[in-house]
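Trainee: All the letters of the sequence shown, read from the start, carry residue numbers 86 to 262 under the working numbering.
For the record, the hints were derived by calculation from the structure and aren't laboratory data.
Among the clues, some could well be false.
In silico lysine-lysine, DSBU-like type, Cα no more than 30 Å apart, as pairs [claimed, not checked]:
(1) 156 x 137
(2) 144 x 156
(3) 237 x 144
Each pair of labels, with its calculated beta carbon distance range [claimed, not checked]:
(4) 159 x 236: 35 to 43 Å
(5) 86 x 235: 24 to 32 Å
(6) 160 x 187: 25 to 33 Å
(7) 151 x 251: 17 to 25 Å
(8) 244 x 136: 21 to 29 Å
(9) 129 x 196: 40 to 48 Å
(10) 232 x 112: 18 to 26 Å
(11) 144 x 236: 24 to 32 Å
(12) 236 x 130: 38 to 46 Å
(13) 156 x 110: 13 to 21 Å
(14) 144 x 188: 34 to 42 Å
(15) 156 x 219: 22 to 30 Å
(16) 215 x 129: 23 to 31 Å
Note that the Cβ used here is the ideal one computed from N, Cα and C, for glycine as well.
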Amino acid sequence: MQITLLLHNIRSVYNVGAILRTAEGLGVVGVALSGYTPRYDDPNLLPHLRSKLNRQIEKSALGAENMIPRKLVDDPRTWLTSQREAGITIVGLENNLSPEELPRQLILGQPWPEPLSSQRIVLVLGEEVHGIPPDLRELMDCFLEIPMQGRKESFNVSVATGIALWGLQNMIKNCHP
86 MQITLLLHNI RSVYNVGAIL RTAEGLGVVG VALSGYTPRY DDPNLLPHLR
136 SKLNRQIEKS ALGAENMIPR KLVDDPRTWL TSQREAGITI VGLENNLSPE
186 ELPRQLILGQ PWPEPLSSQR IVLVLGEEVH GIPPDLRELM DCFLEIPMQG
236 RKESFNVSVA TGIALWGLQN MIKNCHP
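Model the full assembly from the supplied sequences, consistent with the hints where possible.
Mentor: Written as structure tokens, this is what we have:
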């Protein structure tokens, strides 16, 4: 299985670093960054700002920032559309679905539907508070939700990424013994 992440409008540099570390540890093949997501070694920043941002990402990535391929995506809609046209399943990690989106909801731990049993996935992660914006949500083949056991309604995006990656790998593995 090949999973690529799209980090769209992630605000926290520490979340970006933690996601890179988790992604590398769980075998993600690449990470695409879009919107205002902080980028490691961003050539568009002044040197002193790039250095500060790099130190912050390095603090939580612990070397993974240099191990996992990263790319900048200027237009996430166009990029996601091209991924879908290439036969890649687009999965949004989202827990606040509209009634129209509910038919595309998958609960982590439940069987992966056969029509979506792709071995190539883009997992889309959205902004920490507001999630994936509506213009990108319409491009999702499905939405993955992590069932919550306590009173909180969601996990931190980096924690949710680790849970989702591990769960996706096991859901797909069970479809393809």
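Trainee: Return the numbers of the hints above that this structure violates; sort them in rising order.
Mentor: none
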